[in-house]
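Given the sequences, and given the hints that come with them, work out the whole structure.
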Amino acid sequence: MVAVLKRELKSYFNNPIGYIILAVFTFFSGMFFTVLYKNGAPNVENVISVMSTIAIFATPFITMRLLSEDRRQKVDQVLLTAPVKISEIVLGKFFAAFSLYAAGFFSTLIFQFIVAARVSLNWAIYFYTLLGILLLGAVMISIGMFLSSLTESPVVSAALTFAVFLTVMLLGSFVESNNNVILSAINKAISFIDRFSNFITGVFSLNDIIYMLSITGVFVFLTVCSVAKRRWA
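Going letter by letter, the sequence shown gives residues 7 to 239 in the numbering used here.
Treat the hints as calculated values from the structure; they're not laboratory data.
Just so you know, even glycine gets a beta-carbon here, dropped at the ideal spot from N, CA and C.
Accuracy of the hints is not assured; some may be wrong.
Stated by the list, open to error - What follows is a list of derived Cβ distance ranges for each label pair: (1) Arg13 x Phe119: 31 to 37 Å; (2) Phe119 x Val90: 36 to 42 Å; (3) Ile26 x Leu212: 35 to 41 Å; (4) Val56 x Arg236: 38 to 44 Å; (5) Arg124 x Val162: 45 to 51 Å.
Said to hold, decoys possible - In silico PhoX-like pairs for lysine-lysine, Cα to Cα no more than 25 Å straight-line: (6) Lys12 x Lys91; (7) Lys16 x Lys91; (8) Lys235 x Lys91.
Quick look at the structure:
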């Protein structure tokens, strides 16, 4: 798994995608923090909250090449015939994508230290909000990785991933404007984006953490099954 992780991390920076993703995260988080700081409300938790929208748009580009590119270039045949478990291949790719995603939020820690130098802060709230955005990323990466395993086109993979995220977002908005019991139940079951909003409030909920980890685990498992199907085919 470690070898696959290193290979994937290296591939992100063998082309501009890795640098672009980090630049986008750093630029927007810095911009949001600057605006809040100038307005006298340097709340880093709010920066993380706003950054969730950027993460939703950026994640499809992080995951689009994970498995589809190997399939397109026929490199997956080497991995599938190698003496390594499919679960290790999938987890290596997952953690590589997650590492890149998590690195994009490193700047928020710097912002927190800047604010802490002037006022007293509740670090627990910051870390809980940070945990929320990381768990949201884990869910989105697992979904994007699964969709990437279904096609050999990175563009199609990115489009499908964004379509899923957009559907979840629109469903949440639609449910808010319509008192439909069935849609409300469906939204509660699948809306990982709404679950993230619970982290922003700073109220600890073990159910939300378990939910995020469970969704991530389900899609990682589905990805393993998808890749295994190709191995035996």
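Give me the numbers of the hints this structure contradicts, sorted from smallest to largest. none
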